[in-house]
Amino acid sequence: MNASSPATIAEEIFQDKARSRKAAAALPIEEKLRRLVEMQRRANQIRRGVARPPMRVWELA
Amino acid sequence: MEATLAILNELEAAGLVERYAIGGAMAGFFYAEAVVTEDLDAFVLLKTPATGVITLTAIYDFLKQRGATVEREHLWLAGTLVQLIPTFDALTEEAVREAVERTVGQVKTRVMRVEHLIAIALKTGRAKDHARIALLLDEAAIEGGRLQEILHRHGLQGRWEKLNLKP
Chain A
1 MNASSPATIA
11 EEIFQDKARS
21 RKAAAALPIE
31 EKLRRLVEMQ
41 RRANQIRRGV
51 ARPPMRVWEL
61 A
Chain B
62 MEATLAILNE
72 LEAAGLVERY
82 AIGGAMAGFF
92 YAEAVVTEDL
102 DAFVLLKTPA
112 TGVITLTAIY
122 DFLKQRGATV
132 EREHLWLAGT
142 LVQLIPTFDA
152 LTEEAVREAV
162 ERTVGQVKTR
172 VMRVEHLIAI
182 ALKTGRAKDH
192 ARIALLLDEA
202 AIEGGRLQEI
212 LHRHGLQGRW
222 EKLNLKP
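These protein sequence lines are chains A and B, in that order.
The numbering of the first sequence is this note's numbering, which starts it at 1 and goes up by one.
The numbering of the second sequence is this note's numbering, which starts it at 62 and goes up by one.
Any given hint could be a false lead.
Listed next, with one range per pair, are the computed distances between beta-carbon atoms [to be verified]: (1) 134/B with 6/A: 45 to 51 Å; (2) 166/B with 18/A: 25 to 31 Å; (3) 9/A with 150/B: 47 to 53 Å; (4) 189/B with 41/A: 18 to 24 Å; (5) 51/A with 150/B: 33 to 39 Å; (6) 6/A with 220/B: 34 to 40 Å; (7) 39/A with 108/B: 34 to 40 Å; (8) 189/B with 22/A: 20 to 26 Å; (9) 9/A with 131/B: 51 to 57 Å; (10) 9/A with 79/B: 52 to 58 Å.
Calculated cross-link-like contacts (lysine to any residue; reagent style SDA-like; alpha-carbon spacing at most 25 Å) [to be verified]: (11) 125/B with 55/A; (12) 169/B with 59/A; (13) 189/B with 218/B.
Bear in mind the hints are in silico, worked out from the structure with no lab data behind them.
Every value quoted in this text rests on a predicted model; they were computed, and no experiment measured them.
Built from N, CA and C at the ideal position, the CB exists for glycine as well.
Isolated chain A (complex conformation):
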């Protein structure tokens, strides 16, 4: 395994994240809606933990 500086490793991580976000942006709208519903469910798990009212989770046909 090649040794890399922390800065180099961090830069590679940031580049991977940027690529991942670009790929997420290019997904079809129907897949983005599925991801939204999943995010709404996860957000509600967090909200319950901090005693915030839950958000409505959409019902996709």
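Dock chain B against the given chain A, drawing on the hints supplied.
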């Protein structure tokens, strides 16, 4: 969401609104990655009656007949939380008039252009609006010339320069 959009299309076809377009965070889905949001902002261009007094009563009645229920300032419509927002200034009216057609599943709808989304977020000016601008600039295909024209037309160039972001 297809059923929701189909009902909004019916609303427009019935003549209760002149035109509608998706704005806000949901509109951003058509240009950038998904982010968590609770509601779908449907901006509606209303026909102004002779009295000049605009009311959403007829629209709400139409939607309730199709199963919508009122939840605070929202409507729960066919499985989607919807906020109906009448166009409230020249910028939002222009954004609805110039919105582009998109398809979700089998249903056609209309979505504000990304340049209008940026301008509206800039005008609204909350922290989450600035975050949305940054996301769109990072991920969407922006027409720089169109954006500058919109910012100029609606007196937003000063705010844009202050924000110091570039497409």
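Hints, one by one, checked against the model:
1. 134/B with 6/A: 45 to 51 Å: Cβ of residue 134/B to Cβ of residue 6/A: about 48 Å, so the range 45 to 51 Å holds.
2. 166/B with 18/A: 25 to 31 Å: 30 Å, holds
3. 9/A with 150/B: 47 to 53 Å: 48 Å, holds
4. 189/B with 41/A: 18 to 24 Å: 21 Å, holds
5. 51/A with 150/B: 33 to 39 Å: Hint holds: Cβ distance 37 Å, inside 33 to 39 Å.
6. 6/A with 220/B: 34 to 40 Å: 38 Å, holds
7. 39/A with 108/B: 34 to 40 Å: 36 Å, holds
8. 189/B with 22/A: 20 to 26 Å: 22 Å, holds
9. 9/A with 131/B: 51 to 57 Å: Once the Cβ atoms are compared, 52 Å apart, the range 51 to 57 Å for residue 131/B and residue 9/A holds.
10. 9/A with 79/B: 52 to 58 Å: 55 Å, holds
11. 125/B with 55/A: 21 Å, holds
12. 169/B with 59/A: Holds: residue 169/B and residue 59/A sit about 19 Å apart, inside 25 Å.
13. 189/B with 218/B: Distance ~20 Å between residue 189/B and residue 218/B Cα, so the pair holds.
Violated hints: none; the structure is consistent with every hint.
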